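With mature numbering (1 follows the signal peptide of the UniProt record, and there is no 0) applied, the sequence shown corresponds to residues -18 to -1, 1 to 417, in that order.
Be careful, since some hints might not be right.
For lysine-lysine, the following DSSO-like pairs were computed, each having C-alpha atoms within a straight-line distance of at most 30 Å [stated by the list, open to error]:
hint, residue 1, residue 2
1, 53, 92
2, 411, 399
3, 399, 348
4, 348, 177
5, 132, 256
Label-pair restraints from in silico Cβ distances [as the list claims (entries may be wrong)]:
hint, residue 1, residue 2, range
6, 128, 266, 45 to 55 Å
7, 126, 331, 36 to 46 Å
8, 185, 290, 19 to 29 Å
9, 183, 327, 20 to 30 Å
I should point out that these hints are in silico values taken from the structure, not numbers from a laboratory. Note that the coordinates shown come from a computational prediction; the quantities given were computed from them, not determined experimentally. We treat Cβ as the ideally placed atom computed from N, Cα and C, and that holds for glycine.
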Amino acid sequence: MEWMSALATLMFLRTLPSLLPPELRHLLTHLFHRILQTLAADTVSIVIDNSDANGLTNPLFNTIETYLSSKSATSSKVMKVAENPKSRALTYSMSPNQDLLDHFHGFQVKWTSKSDLVMTQNGTSTENRSIVLSFDAKHRQAIHTMYLPKVLHDAEELEFKNREKRLFSNGRDHYWTSVPFSHPSTFETLALDSKLKEAIKSDLTRFVEGRDYYRRVGRTWKRGYLLYGMPGTGKTSLISAMANFLDFDVYDLELTAVADNTQLRTLLLSTGSKCVIVVEDVDCTVDVMNRSRGLKRTHDEMVSVNLSGILNFLDGLWSTCEGERLMVFTTNHVERLDPALLRPGRMDMHVHMSYCGAEAFRTLMKNYLGVGDHALLAEAEGLLPSAKMTPAEVVDVLMGCGDDAELGMRNVVEKMKRRRIEMAADAVKVTEKEV
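Could you build the full structure based on these sequences and the hints that come with them?
Laid out in structure tokens, this is it:
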């Protein structure tokens, strides 16, 4: 009897569609086909190995790992973590045979970490790692034209953000060497007029956000700064603050160690993007009033770097390296520089660094004494214009007092009074000589 019951059930299921309304029958048929399409979806996989057939490292594998590192830190239940001495952040990675889901423009992709042992020709085993990207075939074009470029861009940004900033310098061997760059100067701690600080920060922000603008107008993505003023006014501190603000590496170019214009070009071409290239005291290192004469390094040896080489360094074909670069020149004597060096396009922003003003003094007082106000502050600010002390001279007094605000303010006021008396005496001597 059981077989007769089963036969009756089959007959009922066969006639069921004819009993349903056409609209409902069409809807059920559509849903059934959608389910079949989902179950039989055409999945495409892209395999990224950590090395090629010759055993050479695949840079793309490391780039993908960088991208997935941020995803693993926030979404993976099991992950590996390591400390990279060249990075400011911990490095997270997927465990072997682990899946990680990512979403882009409304669809989902799957990343899978693979690890296999492969036997080598000498009988030993080695680990072959790979990362597999899987996605529905209908998203193939979006993956290749939008998703993967976004992955590479995000990975580049992460590498830049997490890297350790470096300070590069050149020597007699004609190459750059570097050490970690950890100068603490920031715009918040910089003893400079607030309006000038904001102007510099705004200019830097427009510069780093101007990739499309520079490309549209057909100009190299670089900007030149000239910092000029007497020693002790904070030119080096400003450069460090600019580098920290942009998170850029710093290349300290010593022109006296450069043999000729050709070597100068080689050094420039070997700089990285997102960097500040600094030439300090340019008036002392090369003859910037003569386009052919070089700098005399010793009595018998002549440096062949000249003004023409410097100008090509700033805006010639040498300067068309990819990526954004700041070029900062400093000088104590701006009047010694050739006007050709100062024009816009070479030195786009001129920053005059002068004596310590009221705002700068308040910043130094807060930095070194830890106070924002004091009974002697008004007297000190009244003495500043006539005392003509540089920020470095003020710092020299404050640092000798530790964190004793009372002693620090008293000493700096006394120093200003002595300076004013000395300047008045010097003025009298000059007048007597003229008479």
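Against the structure, the hints come out as follows:
{"no.": "1", "hint": "53 with 92", "verdict": "12 Å, holds"}
{"no.": "2", "hint": "411 with 399", "verdict": "19 Å, holds"}
{"no.": "3", "hint": "399 with 348", "verdict": "22 Å, holds"}
{"no.": "4", "hint": "348 with 177", "verdict": "18 Å, holds"}
{"no.": "5", "hint": "132 with 256", "verdict": "20 Å, holds"}
{"no.": "6", "hint": "128 with 266: 45 to 55 Å", "verdict": "52 Å, holds"}
{"no.": "7", "hint": "126 with 331: 36 to 46 Å", "verdict": "42 Å, holds"}
{"no.": "8", "hint": "185 with 290: 19 to 29 Å", "verdict": "28 Å, holds"}
{"no.": "9", "hint": "183 with 327: 20 to 30 Å", "verdict": "22 Å, holds"}
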